[in-house]
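Q: Single-letter residue listing:
Protein chains: 2
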Amino acid sequence: MKVAIAGGTGKEGFGLALRFLMAGHNVTIGSRDAAKAAASVAEAKELLGDDVAVDGAENAEAVVDAPVVVVTVPFAGQAVIYAAIRDHLIDGAIVVDATSPLQAAVGGKAWEVLRPWQGSAAEFAATLVPENARVVGAFHTVAAASLRAIDHPVEEDVLVVGDDAEAKSTVGELVEGIPGMRWVDGGPLAMARITEGLTPLLISINRRYKTKESGFRIVGRETWGAG
Amino acid sequence: MKVAIAGGTGKEGFGLALRFLMAGHNVTIGSRDAAKAAASVAEAKELLGDDVAVDGAENAEAVVDAPVVVVTVPFAGQAVIYAAIRDHLIDGAIVVDATSPLQAAVGGKAWEVLRPWQGSAAEFAATLVPENARVVGAFHTVAAASLRAIDHPVEEDVLVVGDDAEAKSTVGELVEGIPGMRWVDGGPLAMARITEGLTPLLISINRRYKTKESGFRIVGRETWGAG
Numbered sequence: 001m002k003v004a005i006a007g008g009t010g011k012e013g014f015g016l017a018l019r020f021l022m023a024g025h026n027v028t029i030g031s032r033d034a035a036k037a038a039a040s041v042a043e044a045k046e047l048l049g050d051d052v053a054v055d056g057a058e059n060a061e062a063v064v065d066a067p068v069v070v071v072t073v074p075f076a077g078q079a080v081i082y083a084a085i086r087d088h089l090i091d092g093a094i095v096v097d098a099t100s101p102l103q104a105a106v107g108g109k110a111w112e113v114l115r116p117w118q119g120s121a122a123e124f125a126a127t128l129v130p131e132n133a134r135v136v137g138a139f140h141t142v143a144a145a146s147l148r149a150i151d152h153p154v155e156e157d158v159l160v161v162g163d164d165a166e167a168k169s170t171v172g173e174l175v176e177g178i179p180g181m182r183w184v185d186g187g188p189l190a191m192a193r194i195t196e197g198l199t200p201l202l203i204s205i206n207r208r209y210k211t212k213e214s215g216f217r218i219v220g221r222e223t224w225g226a227g
Numbered sequence: 001m002k003v004a005i006a007g008g009t010g011k012e013g014f015g016l017a018l019r020f021l022m023a024g025h026n027v028t029i030g031s032r033d034a035a036k037a038a039a040s041v042a043e044a045k046e047l048l049g050d051d052v053a054v055d056g057a058e059n060a061e062a063v064v065d066a067p068v069v070v071v072t073v074p075f076a077g078q079a080v081i082y083a084a085i086r087d088h089l090i091d092g093a094i095v096v097d098a099t100s101p102l103q104a105a106v107g108g109k110a111w112e113v114l115r116p117w118q119g120s121a122a123e124f125a126a127t128l129v130p131e132n133a134r135v136v137g138a139f140h141t142v143a144a145a146s147l148r149a150i151d152h153p154v155e156e157d158v159l160v161v162g163d164d165a166e167a168k169s170t171v172g173e174l175v176e177g178i179p180g181m182r183w184v185d186g187g188p189l190a191m192a193r194i195t196e197g198l199t200p201l202l203i204s205i206n207r208r209y210k211t212k213e214s215g216f217r218i219v220g221r222e223t224w225g226a227g
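As given, the protein sequences belong to chains A and B, one line each in that order. Residue numbers in the first sequence follow the working numbering, run continuously in steps of one, and reach 227 at the last position. Residue numbers in the second sequence follow the working numbering, run continuously in steps of one, and reach 227 at the last position.
If we strip away everything but chain A, and leave its shape as in the complex, we get:
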């Protein structure tokens, strides 16, 4: 699968890039700055070998031929990055928004949550892309540190929300390609109002227990996935 990661030089985006590359996907790391993207490409090759299918580009260029675009930026940069990519998305692109509306965006704490006018950052994102783009919320609860620890499986589940079942299943395939991970269909895009709040909850737990890797498993069923 071809995946572009807008904001892919950040910790979360780069961690996902590594994991998608390890699963054999073709990854383009996007950044505001082409030089930064190139540096991350070099780092990925150093970690995974020269033969992984990775390249880098400015965000707008990174998305031009990607059926799946993952957007991993702090809330304060969300509108700016969507403005940069919106006219370059392919028809029917799956746009995976991982934004959590932390109050840190306006000088508050990272364990406090802002309520966007649309209800969630993912629903806000849906207003910033062309109508036929399919916005999915995912990866809010995945610790960057766990993604980066590439010698270990990621023992976490990913809550995937969205209004397009096929788009959710495609994101689910990306998730299941990462050793240890499973995906759980969390419902329509509006459920991002809940799942985005899990990031600050984990930040709060990480602070209290002096860890960087808290996350969630969903229990109560042997298998999850497309349901």
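Where hints are given, some of them may not hold.
Just so you know, same-sequence chains aren't split out, so a pair can sit in one copy or run between any two.
Cut-off 25 Å, straight-line C-alpha distance, at most; resulting in silico cross-link-like pairs (SDA-like, lysine to any residue) [as the list claims (entries may be wrong)]: (1) Lys-11 / Leu-47; (2) Lys-212 / Arg-182; (3) Lys-109 / Ala-76; (4) Lys-212 / Glu-155.
To be clear, the hints were calculated from the coordinates, so they are not data collected in a lab. A quick note: this is a predicted structure, and the numbers were derived from the prediction, not measured.
Based on these hints, arrange chain B on the given structure of chain A.
A: Frame of chain A, contents of chain B only:
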């Protein structure tokens, strides 16, 4: 420990009553209706044996000598039950609020969330009890069906939030007395704004996957508890 459960004849409250009794605690099942409370007491004895330390009473009477009071009612009944018990709580009582502000309270869906003026149902509860009562939010994510399956451990974690560390630890002890369960300190009471949203998320997941027992485990650390 002596525990009163206001709204203890409901599925969640009764499930907790059973589990606390099995752990050797002294439980008073509270209800609006003393006859209903008596029926639940009889059912508990039938399930667990005549020698368990259970009794029943109207809610106001149930709490009069309980250092820990658990309140498990639908959001629509929350203010009413606090009005009934507030003048009967002991000094410094630990009040465990398990309310989720589901939009079902006003005719909406159980997977939609209302935002109480105070931020969360637990913070609303804190305005409804005497100032020296210590409100803790907990048990939002625990499936009643899993509590009721008394021959099985409850393979779930409980997020406990509150502003009083000792109160959280006390609730944590109650949690850890239930086989399979662990407690995780989720931070101050305001974090209930997040943890209360986990109930509708699980309701949504239960619907989609046709189960009644979805829940959470927190991963990333071997042990949780008081941290």
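Q: Hint by hint, say whether it matches the structure.
A: Hints and how they fare:
1. Lys-11 / Leu-47: Classified as within; 15 Å inside a copy, 52 Å across copies.
2. Lys-212 / Arg-182: Both, since 20 Å and 19 Å are each at most 25 Å.
3. Lys-109 / Ala-76: Only inside one copy: Lys-109 and Ala-76 sit 13 Å apart there, 32 Å across copies, limit 25 Å.
4. Lys-212 / Glu-155: both (14 Å within a copy, 23 Å between copies)
When held up to the earlier numbered hints, the structure conflicts with none and fits them all.
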